[in-house]
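Peer 1: Below, each chain spelled out in residue letters.
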Amino acid sequence: MDIIFNNYVLQIVTMCCINIIIVLGLNLVSGITGQLSLGHSAFVSIGAFASTLFILKLGMPFWLALPAGALVSAISGFVLGVPILRLRGDYLAIVTLGFCEIIRVLFLNLRITRGALGISGIPHYTTPGIAVTLTIIAIIMMYNIENSRFGLALRSIREDEIASELMGINITRYKIIAFATGSLFAGVGGALYACQITYISPGDFGFMRSFEELCMLVLGGMGSIAGVIAGAVILTSIPEVLRFASEYRMIMYGIALIMIMVFRPQGLFGKIKVNM
Amino acid sequence: MLKIIDVETKYGNILALKGISLEVRSGEIVTIIGANGAGKTTTINTISGLVRATKGKVFFEDTDITNLPTDKIVGLGVVQAPEGRQIFPQLTVHENLMLGAYLRKDKAEIKKSVDSIHALFPRLYERRKQMGGTLSGGEQQMLSIGRALMSTPKLLLLDEPSLGLSPIFVQHIFEVIKEINNRGTTILLVEQNANIALSIANRGYVMETGYVTGEDDAKVLLTKESVRSAYLGHGG
Chain A
1 MDIIFNNYVL QIVTMCCINI IIVLGLNLVS GITGQLSLGH SAFVSIGAFA
51 STLFILKLGM PFWLALPAGA LVSAISGFVL GVPILRLRGD YLAIVTLGFC
101 EIIRVLFLNL RITRGALGIS GIPHYTTPGI AVTLTIIAII MMYNIENSRF
151 GLALRSIRED EIASELMGIN ITRYKIIAFA TGSLFAGVGG ALYACQITYI
201 SPGDFGFMRS FEELCMLVLG GMGSIAGVIA GAVILTSIPE VLRFASEYRM
251 IMYGIALIMI MVFRPQGLFG KIKVNM
Chain B
277 MLKIIDVETK YGNILALKGI SLEVRSGEIV TIIGANGAGK TTTINTISGL
327 VRATKGKVFF EDTDITNLPT DKIVGLGVVQ APEGRQIFPQ LTVHENLMLG
377 AYLRKDKAEI KKSVDSIHAL FPRLYERRKQ MGGTLSGGEQ QMLSIGRALM
427 STPKLLLLDE PSLGLSPIFV QHIFEVIKEI NNRGTTILLV EQNANIALSI
477 ANRGYVMETG YVTGEDDAKV LLTKESVRSA YLGHGG
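Chains as they are written, first to last, in my numbering: chain A, 1 to 276; chain B, 277 to 512.
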């Protein structure tokens, strides 16, 4: 049993779970509502730093700091969403990318986040059990959102914004709610990440990480919860599985991505085609 | 029921509607005919609030809806089935219909409406679990109209329901439009196919390059020489 459930494997499982939660949030924004976001890791970052500071500076217990950090992230998503969600497609992608960089540079220059040094010595609260439990809750929540009346409205916005307006749907309001909810999931993931790695620095959440999250979503299949799980698990564990190939592993990672996009452009589990 | 008074609408600097006035009374079918670029679709989109009038007023049942957001206008009962059948291609036929009823709460009543749409368009019942995008053009038009009816509109705005359909299907769609009207829904119908539109309408407006250039009973318009030569493809 020790060979299967050793610390190394459990750590990968935990990271997989964290990424599933984060990418579920991105799926709500990009896969279900069809709003391409390249700044999702900004909200992971906000969740991570907020909950870390709540723990270290305010002495909050983990069970309170995690939702509090996620809430800060959701509020940021709401505040950002109000001005930018009138944009569409590439414009939205560029603005979210810019926001991602703004947050990184902001945290790099704030005294309270200790700049480039980052924050170390975060208590290791994220156990595999907590990660798996929260992942299951997140999956159930996302399934219910997607299949609710609200989820149907979000999917209609993805399909055709003008037609959904003509159904009486206030599309800007729904996009903002989706964006804030997606940020909430990102914030939960960020808080779990901080308390798993026990060290965070602004550089951990640059736009490359946003792309990585988007890769997970696209690989698994936009708009599919099974796809999110598959994408997050595969792309989190591939670098570990390919460790024997040392420096060649990122090449293999890239080739694997290309092959999937060539032979299954809608992603492993995707049924829909998302036009951004 | 609907009153448009001296409305101007611009796209950028281009004046698409140059001060038009028209009226739809309760229970009528009113049609707007005209060539490409006359401003027919712009008129309907201005009513729906998809584009904004820069001058003039739009009233629906004495409410000024000129500057209301689209979702509020839909809430008042002014519902559009857009041109080119903008259905949701990757949602099922049933989901498409349910979105039509988005502003309604009463589940039992919604179920009744679904049944009545199925009765009106049996084809939609057969295909209720299919993705909207897999339907044929005519079926998509049925879905578009059915979806608009799901919101139990007081005023139904139809934009080019005959577009791209085979003649036999056009006939069928227009019979259904007539039937919808008989059940008490007022209809404003925008059409290039002036012949068939005037044959079911009570009154008609003729539009040309942003102006309303004619208004009369549909029967009169059908026989009018100028209209015949310009839009009905005979005479001359």
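In short, the hints are calculated from the structure, not lab data.
Every residue gets a Cβ at the ideal spot worked out from N, C-alpha and C, and that includes glycine.
A portion of the hints provided could be inaccurate.
What the hints assert, rightly or not - Derived SDA-like pairs (lysine to any residue); straight-line CA-CA distance at most 20 Å:
#1 K333(B) / S297(B)
#2 K430(B) / S442(B)
#3 K381(B) / G59(A)
#4 K279(B) / K294(B)
#5 K348(B) / H124(A)
#6 K348(B) / T172(A)
#7 K405(B) / G151(A)
#8 K383(B) / F150(A)
#9 K57(A) / G121(A)
#10 K271(A) / G295(B)
#11 K405(B) / R149(A)
#12 K387(B) / R149(A)
#13 K387(B) / F150(A)
#14 K495(B) / R479(B)
#15 K271(A) / M407(B)
#16 K381(B) / I145(A)
#17 K271(A) / S392(B)
#18 K381(B) / N147(A)
#19 K430(B) / K405(B)
#20 K381(B) / F150(A)
#21 K57(A) / N147(A)
#22 K381(B) / S392(B)
#23 K381(B) / K57(A)
#24 K348(B) / H370(B)
#25 K279(B) / R380(B)
#26 K405(B) / E146(A)
#27 K57(A) / P123(A)
#28 K333(B) / S392(B)
#29 K387(B) / R479(B)
#30 K286(B) / E337(B)
#31 K383(B) / G121(A)
#32 K348(B) / R149(A)
#33 K430(B) / P365(B)
#34 K495(B) / N458(B)
#35 K405(B) / V82(A)
#36 K348(B) / T410(B)
Claimed, not checked - Simulated coverage check for chain A against chain B, where a stretch passes if three residues somewhere in it have a Cβ under 8 Å from a Cβ of chain B:
#37 147–155
#38 206–215
Peer 1: K57(A) and P123(A): Cα distance at most 20 Å?
Peer 2: The given pair, whose Cα atoms are some 13 Å apart, holds under the 20 Å limit.
Peer 1: K387(B) and F150(A): Cα distance at most 20 Å?
Peer 2: holds (19 Å)
Peer 1: Has the given pair, K333(B) with S392(B), been kept, meaning a C-alpha gap of at most 20 Å?
Peer 2: violated (35 Å)
Peer 1: Has the given pair, K271(A) with M407(B), been kept, meaning a C-alpha gap of at most 20 Å?
Peer 2: Distance ~11 Å between K271(A) and M407(B) Cα, so the pair holds.
Peer 1: Check whether the Cα positions of K381(B) and S392(B) lie no farther apart than 20 Å.
Peer 2: Holds, at roughly 17 Å.
Peer 1: Is the Cα-Cα distance between K495(B) and N458(B) 20 Å or less?
Peer 2: With a Cα-Cα distance of about 18 Å, the restraint between K495(B) and N458(B) holds, given a limit of 20 Å.
Peer 1: Is the straight-line distance between the alpha-carbon of K57(A) and that of G121(A) 20 Å or less?
Peer 2: holds (12 Å)
Peer 1: Do the alpha carbons of K348(B) and H370(B) lie within 20 Å of each other, as the hint requires?
Peer 2: violated (24 Å)
Peer 1: Would the hint linking K348(B) and T172(A) be met if the CA-CA limit is 20 Å?
Peer 2: OK: K348(B) and T172(A) at ~13 Å, within 20 Å.
Peer 1: Do the alpha carbons of K430(B) and P365(B) lie within 20 Å of each other, as the hint requires?
Peer 2: Violated, at roughly 26 Å.
Peer 1: Straight-line Cα separation of K383(B) and F150(A) no greater than 20 Å?
Peer 2: Distance ~15 Å between K383(B) and F150(A) Cα, so the pair holds.
Peer 1: Is K381(B) within 20 Å of I145(A), Cα to Cα?
Peer 2: Holds, at about 18 Å.
Figure legend: structure checked against the earlier numbered hints; hints not met, in rising order: 2, 3, 5, 10, 17, 19, 21, 23, 24, 25, 28, 29, 30, 31, 33, 35, 36, 38.
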